[in-house]
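Number of protein chains: 4
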Amino acid sequence: MTKPRNPDFAADVAASFASQGALRGIGAVLETVEPGRCVVRVPYADAVTQHHGFFHGGVIGMVADVAGGYAAMTLCEPGWQVLTVEYKINFIAPAAGSAIVATGHVVRAGRALIVTRMEVAALDAQGRARVCAVAQQTIMALPAERFAG
Amino acid sequence: MTKPRNPDFAADVAASFASQGALRGIGAVLETVEPGRCVVRVPYADAVTQHHGFFHGGVIGMVADVAGGYAAMTLCEPGWQVLTVEYKINFIAPAAGSAIVATGHVVRAGRALIVTRMEVAALDAQGRARVCAVAQQTIMALPAERFAG
Amino acid sequence: MTKPRNPDFAADVAASFASQGALRGIGAVLETVEPGRCVVRVPYADAVTQHHGFFHGGVIGMVADVAGGYAAMTLCEPGWQVLTVEYKINFIAPAAGSAIVATGHVVRAGRALIVTRMEVAALDAQGRARVCAVAQQTIMALPAERFAG
Amino acid sequence: MTKPRNPDFAADVAASFASQGALRGIGAVLETVEPGRCVVRVPYADAVTQHHGFFHGGVIGMVADVAGGYAAMTLCEPGWQVLTVEYKINFIAPAAGSAIVATGHVVRAGRALIVTRMEVAALDAQGRARVCAVAQQTIMALPAERFAG
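Residue numbers (my numbering), protein chains in the order written: chain A, 1 to 149; chain B, 1001 to 1149; chain C, 2001 to 2149; chain D, 3001 to 3149.
To be clear, the hints were calculated from the coordinates, so they are not data collected in a lab.
Every residue, glycine too, gets a C-beta built ideally from N, C-alpha and C.
A few of these clues could be false.
[Unchecked claim] Distance windows between CB atoms, simulated:
| id | chain 1 | residue 1 | chain 2 | residue 2 | range |
| --- | --- | --- | --- | --- | --- |
| 1 | D | P3143 | C | E2145 | 46 to 56 Å |
| 2 | B | R1128 | A | D46 | 42 to 52 Å |
| 3 | B | R1128 | D | A3015 | 30 to 40 Å |
| 4 | A | R146 | B | E1031 | 26 to 36 Å |
| 5 | D | A3093 | A | T32 | 40 to 50 Å |
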């Protein structure tokens, strides 16, 4: 994709990821961080299930949101942060298996607005992936000092 | 709204809610269940935060999804269950405060497809609400025996 | 809603509306322009139909988009213009009748990003309205000189 | 993709396309119909423009919706029809040029619900394509006799 403007993008994404309590709460692991792309994995656990024992749609949405947001952050200026403006997600198959893996990639990187797409796959015991959700997202990038939160 | 087809809708929603590990994980509480409407509350805790200490967008999305889905379930046939087909959420203000409250209401209840809208508000220490997200959702209802998951 | 920053908002919206060839193509009429709210009407004609003679979903989406965008523009700085970042629309009933009427209103007006919601109703021969679509949208406002298009 | 269930899918899509007044109104042309994929082109004309002379976002949304819907229809049972449940579209670049081309493809084809993704590209005078919008859609398929509209 584009050459990243921030040479430390991978370390900055990892530091931001590590500081999020909600990601610890669901046991999310940052698996890959490349320019314009980010992969997040969540292993199966009680805290991520719905009433049939599958991964909860809300968790799938959360991980999709995070994977897209950090994919966007890899292409931002040094010191800039990202906010999710909005996202939309379709659930296309039950998320059964030992883990889910969300991949976000940047479709269009403007300076202030970044559009991403995400796929979430469930991995079965043999490690075979089955896509369970697809999503599309708008991210706003802004300098950390304007990031009131 | 419409007269519910399932006289036990409130008990059925509560039982389904209680069986979801992911909702326990974020400390979600079912606050109100009425025909075509559902309110879910999440108190502040480390497991629901992002890196600035606000409520995490992924948690906000999860609670919005759940509030809309159970609002839909209140209008379903007895024994039917609900699946989220898709949702879309806009984040419009930082979610700071002592709790978030998601309200889902049914816009259109077909037999198989139900469309809902949701608002999520953050409550400050004085209990004042500020809307932090708005969402729109499509739910599929189906008999429990066809609910492969 | 908010006090408009542009005292000429109504004239500016009307001038922008009049300059759009696509709106002439579907016979769209600007019906109401108030701070944070805009109503657009499209009378029935062959050029707005789908294969069953109802209003075409694409036309419904177009009018929803326009009503939301101009609702947003009413709250912008003088001389600023609006761009649709994205929108999402659910079709909830067939759009049969003599006209459709789209109402857009602003949910949250930031300086650069504005979030709106829209309803589109179909009017029958007696003028009774039935909601046929609901939508949610993100608008970007920017000074005309930066509006490369 | 999947083997189509309807051997006449291409003729059926073409017949449905030809019967839509709104598509004639914008000069849309059905360019490609394959199992799980559909391409629709709209040449530049006054009836498809916004106020800066670019293709109108509403037209882009309409064409995206149509391309996704007919991509879905290629995988339906013979005699079944498609309805758009909802779609979401992001506009990522101004749509300037001699034509726009929308490509829809099926991500997941259930019997009743089909999820699609779409890209819309603008073609410049040399025929070079630039993606100007990306979208994601939910389609419902149903037998023609139940298609009240």
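We went through each hint and held it up to the structure:
1. Separated by about 55 Å at the C-beta atoms, P3143(D) and E2145(C) satisfy the suggested range of 46 to 56 Å.
2. R1128(B) and D46(A) have their C-beta atoms about 35 Å apart, which leaves the hinted 42 to 52 Å range violated.
3. Between R1128(B) and A3015(D) the beta carbon distance is about 58 Å. The supplied range of 30 to 40 Å is therefore violated.
4. A hinted range of 26 to 36 Å holds for the C-beta pair R146(A) and E1031(B), which are about 35 Å apart.
5. At roughly 27 Å, the beta carbons of A3093(D) and T32(A) sit outside the given window of 40 to 50 Å.
Hint compliance for this structure: hints 2, 3 and 5 are broken, all remaining hints hold.
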